[in-house]
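Protein chains in written order, with the working numbering: chain A, 1 to 747; chain B, 1 to 747.
None of these hints come from the bench; they were simulated from the model.
Be a bit skeptical, because a hint or two may be false.
Same chains, same names: a pair is fine if it fits in one copy or spans any two.
The list that follows gives simulated cross-link-like pairs (lysine-lysine, DSS-like), each with its CA atoms no further than 27 Å apart [what the hints assert, rightly or not]: (1) K50 / K285; (2) K421 / K20; (3) K161 / K117; (4) K198 / K459; (5) K539 / K440; (6) K285 / K418; (7) K618 / K61; (8) K440 / K534; (9) K539 / K594.
Please read all numbers here as calculations on a predicted model, not as lab measurements.
For reference, the chains in residue letters:
There are 2 protein chains.
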Amino acid sequence: MSDKFSVIGKRQTKLDAPLKATGRSQFTDDVVLPGMLHGKIVRSNIPRGKILNIDTSKAEKLPGVMAVITHKDSGGVMVGPDQQLLCDDMVHYIGDEVAAVAAVDGDTAYEAAELIKVEYEPMPALLSIEEATAPDAPILKQYYEDNYADDLNLNYGDVDKAFSESDHVREDEFISYPSHNCFAELHGVLADYSLPGKLTIWTPNQTAILIQKGMARNLGISESNVRVCSLNTGGAFSGRGTVRPHHLIAALLSKKASRPVKIIATSDEEFIICRSGGKNRLTLKSGVTNNGTLKVIKADHLYDCGAYVETQFIMPTIVGATLQMLFKVEAFRYKGQLVYTNNAPYFFHHGGGLVPSQFAFGQHLYLIAQDLGMDPVDFKLKNAFDKGETTLNDTHYASCGLKECIKKAARKSGWNRKYGKLPPYKGIGIGCGVMSSGGKGMFQHDTSAAFLKIAEDGKLSLFTGLPDMGQGSHTTMAIIAAETLGIAADDITVISGDTDIAPYDVGAFAQRGTFTTGNAVKIASLDAKKQIAKTASEKLGVKPASLIFRDRKVYPKGAPDKAISFEDVVFDTLNCMEGRFIMGRGFYNTPTTKAALAYSFGAQIAEVEVDPETGIVKLLKMTVAHDVGRAINPLAVEGQMDGQVFSGMGQTLFEECFMEGGQILNQSRIDYKLPRPYEVPEMEHIIVETNDPYGPYGAKEVGEGPIACNPHAIAMAVSNAIGYTMKELPLTPERVLQAIRKKNRIS
Amino acid sequence: MSDKFSVIGKRQTKLDAPLKATGRSQFTDDVVLPGMLHGKIVRSNIPRGKILNIDTSKAEKLPGVMAVITHKDSGGVMVGPDQQLLCDDMVHYIGDEVAAVAAVDGDTAYEAAELIKVEYEPMPALLSIEEATAPDAPILKQYYEDNYADDLNLNYGDVDKAFSESDHVREDEFISYPSHNCFAELHGVLADYSLPGKLTIWTPNQTAILIQKGMARNLGISESNVRVCSLNTGGAFSGRGTVRPHHLIAALLSKKASRPVKIIATSDEEFIICRSGGKNRLTLKSGVTNNGTLKVIKADHLYDCGAYVETQFIMPTIVGATLQMLFKVEAFRYKGQLVYTNNAPYFFHHGGGLVPSQFAFGQHLYLIAQDLGMDPVDFKLKNAFDKGETTLNDTHYASCGLKECIKKAARKSGWNRKYGKLPPYKGIGIGCGVMSSGGKGMFQHDTSAAFLKIAEDGKLSLFTGLPDMGQGSHTTMAIIAAETLGIAADDITVISGDTDIAPYDVGAFAQRGTFTTGNAVKIASLDAKKQIAKTASEKLGVKPASLIFRDRKVYPKGAPDKAISFEDVVFDTLNCMEGRFIMGRGFYNTPTTKAALAYSFGAQIAEVEVDPETGIVKLLKMTVAHDVGRAINPLAVEGQMDGQVFSGMGQTLFEECFMEGGQILNQSRIDYKLPRPYEVPEMEHIIVETNDPYGPYGAKEVGEGPIACNPHAIAMAVSNAIGYTMKELPLTPERVLQAIRKKNRIS
């Protein structure tokens, strides 16, 4: 790291680590309000059908029950464009919300929920993309003509011409199966709507503003009349960004009962309401020249979005964009379609939909490289983007460390010694990825604002609306403020998690944290610095511009012996006749109308060993190189790399929801297979710093980029080990064993 | 009220009224933390003596006890200059803290406290000013030469010359007896010092900053490592401004047990730890000319400060200042002395020590007026200060409505028809007062800072460190912001009560709220207004300076038909390419090195009826006139007038702690006599507005001024009714009956 920085680049422990380690961090379920009730939702137990009758009379008579609600109490509230808050005449999946109760304790609420009798007339259900897109399939939503919920068509360059000019054209189809995010914290909410003026809700989330807007819009009140308190959030992965039925149900129960109401999902409910990954079918067709130049890509993408649409369009948007942003092509065409079924509503698993698509893309390119007899690393390097280049969708790379990542990962992992030279059932694979930093497009603006105040003893409170879901973003913000003001991150208390208090921030998604909020924090810190510099300048008799702020001291440039302590300057600023209290403010909205101004890049190399008897894959080592622009906190960067390898290996090797008749069969953390700690591989971290001109101190994202790289790396390594390129995700022992058998049959 | 304002001058209900009315406001005792323990303090049961032994062994063995502390665990922590946190070798009053326990529940804590056995060797105790100042009295504090804890001597002009030039000189001695504030909320604290980095305490207070500084200083940690959470405060009256032993004891217990610890005073403890009014002895000697011109005042003041000194010097400071600030004199001398005794430490009751001194001063002047045969109203008008005049202690009155208050109160009450013309045992009396607004002198600065943010829907969060102890100060701050920005007070959420979050504010004492914090809020609002005006100016095509902000609209001056809504302008400000999020900031430190820049004045007229058989006084009517500069919220101004009549009549007529051997005999709310609602008189409110040049929108204080007026008015009325001028406070039925008998003996 450069000596230019005194805080940035140092390994900073998360500021809330002591609280987390001693169990003192508070989560939604830790909040207890006087008079609080417990809510329970009654859900459909059939995937599709008519509601004939709902009998709540017994539940209402149960002692301790304070409120029962059904559709007629919901005031017609909708969740998203096509979902009733509580079903009126139809249910669309197993788990659809039909009624809810609030009672003095959880047991009573459960008992009351059991007493609500719902009569259904079952109807034929469509439980897969294939069924739903069959020509004679019944139409699931009466106001549509087919079961396609949404689509996206992208077309750049002359695709047909590019194919006709290609020396080699190849088409492959890839399928990935439903999976689940398995958040550390279950979905839950505590809502207090007992007074008419204001609804307050506590709920884990990654964007309080979007939850606030969603609640307000659905309930028909002004945004500021909803106060969202965030506390800690046990994982988010894009799945905690919008209002879900349980939020609104808790609010309505609270209003009806005039008491606060808490609803926490049970483990099996969690699998229904989480909205994680649905089934994907991605067909990729590409053309290359004989010398390995990629010319054209065409992608057809079908995605099971489940019973309701909400924000699922983000999935094709991301997939469609990224497929043409990693390697240079002349032409590109993408058709993405969301398909309604009677499965639980899906969104995507951790990785923004990139795990299935990058798995497919990577395997497809691996097959092409094999067709051409090229080393996959050479093939990637030949086609990779460089700094200063612009993609087909007009994305300009002001910084780009893609080739550096590929080269460093290859060198560090000993790729040349290993690829093609490993013993049977050992394999190596490489994956690359690109990810926007500070993604835009949520509103007309995508602003992050920051505010700070400095106490008389030089300690700082930093206000941000950016949530920390465990990724350490608050510590990163503290480092940026500390670097700017020449103090330590430990001098800073981060204030967040309450929409009444926190400055505006669109939230922690689209890799906005370090980039967008980080820029706002830097601006607010510079604003405060100016106020401090005024005092220091007077005391030291030099111009503000020639002051150095470093190591809790302020001194004239080149004269550290004349240093006065930061604390003293702050004290003197307050203790003057004006009583100047230091408050810094700043906001940042990435100055572009495009999706982002900065992009992170990465390359990862996986090494595996496959047991040919069982099909079990052992992930031996991951070499993770990522262009983060600037590592604000290398410890956190490595933590992100580790976490994303963990999640990526889970999605690539293990995680799958087994479906039968619309029912998830393995809806518990015992039955649903996640990586265990002993399965985590040896990790090699390579941080590439390209100093992005737009990022705060050059920083870009690392919060989601690495997971765009590892599914392909792992899948390629497994394919390399068994000599058969796999096309279905996850690579469970069953599928690997089947592939080994196919391979043996072929060869 | 002037049409100049759209929000100021309207009767605004307190913003938190619905919360208060429905019992949803949270106080310290409402906070429950996971793993929280309950603390109990072991107190001395003798007024003075040596500690021979403390046996905590049985308490420590009691199941459920998590921590026991005595002096040896306190690390030598002091509370104030002469008080050990927990007594080591000596106890100095009944209630002195000796040991403390923390246990899993309150019952266990109480049981454990009972099991702690303390052996004392009693020593002679001094239980009155008279005993303590006797020549042969034992010295209570070994490091002093006598029992005077502190003194204040003021001398302006040539007092001897002025007396020699006076036509008439009179001297009287007045005594007031100990009393108690009877806060609506008992003293209490919840401390979490279970992690080393930060101590968090919840406690009712009127200045979080001073509590924070006090805790930090006593515990030897940096200020920002103490987070003070204030929530609501059930009354303060200058008694909640400093750290008390229970705060530190809870922190030490929490540290030792590694768990949060709550201590809430019992009703009898409350009377010991409250530090309200001690016994006063005030001798006043004044000289006048025959035509009623006051020439000189000399005051000798003895005050029982109890066993320990802390901030009691404020009492003589206030009394010494105010005695020469109401009426013009040529010369003034004041000698105030605090006297140590073995009573519980005293401070003062509601009114900043002015109830006893203004009672004395008023009765003294009443006697002089009677000596001269003058009407007391005429006598007061003749000597009262005017706007533009300067007092002997160099206080300049930039605004002064004293004479207007006297005249209006006299006219409205029908003084001329009544004084001297009432039937026997009916009486009328007038009292006047002066009070600083935005008092200074706490630090080198006395800054209030304010911050605000405006949400996309035009609703505002206003951050202030000023506590609201029930007086409605947060509503007042909201009105000032609303007026400045042309919105409604209801559009504003006030954020306060947490030192990590709130901007710096010295606190709610010295009548700083409306004046000092109000100025800061106005400055912060103007700062935000400028940001909004930028957008509005662009949209309306006029200069920012010619924009009017009113009624949630912005329009060019004189063209309200061109108005755009405030909400739309705010929305457009955020929804631009810069994403400008509106944040306003401001701070204000009254620009003077004197005690204050503004003063409020008042006059009150009391009408009473005395039952000659019982001595019971019925307060029939109070006519309250007060120069508040500008009534920001007339409803709150009247509320302050009412509350201060309630408190003043209590102190004047009823409230007294009966002492015996250092023990308070009536230490419960059943035995201690407060006014009952049916005893509150008919009220006439007269708001005088003098538009102070320094106050925000011309406003001055009304939070403590009125109580400086009513003790004298009531006491004069009683004296007028019975024809005997009383000199001891309170005017209990016993004392009134005694006076009637004396009067009958004399006449």
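Taking the hints in turn, this is what the structure says about them:
1. K50 / K285: neither (43 Å within a copy, 94 Å between copies)
2. K421 / K20: neither (46 Å within a copy, 77 Å between copies)
3. K161 / K117: Neither: 62 Å inside a chain and 98 Å across chains, both beyond 27 Å.
4. K198 / K459: Between copies only: 12 Å across chains, 33 Å inside a chain, cut-off 27 Å.
5. K539 / K440: Intra 44 Å, inter 26 Å, cutoff 27 Å: inter-copy only.
6. K285 / K418: Neither: 29 Å inside a copy, 105 Å across copies.
7. K618 / K61: neither (57 Å within a copy, 55 Å between copies)
8. K440 / K534: between (36 Å within a copy, 25 Å between copies)
9. K539 / K594: between (46 Å within a copy, 26 Å between copies)
The structure shown violates the earlier hints numbered 1, 2, 3, 6 and 7.
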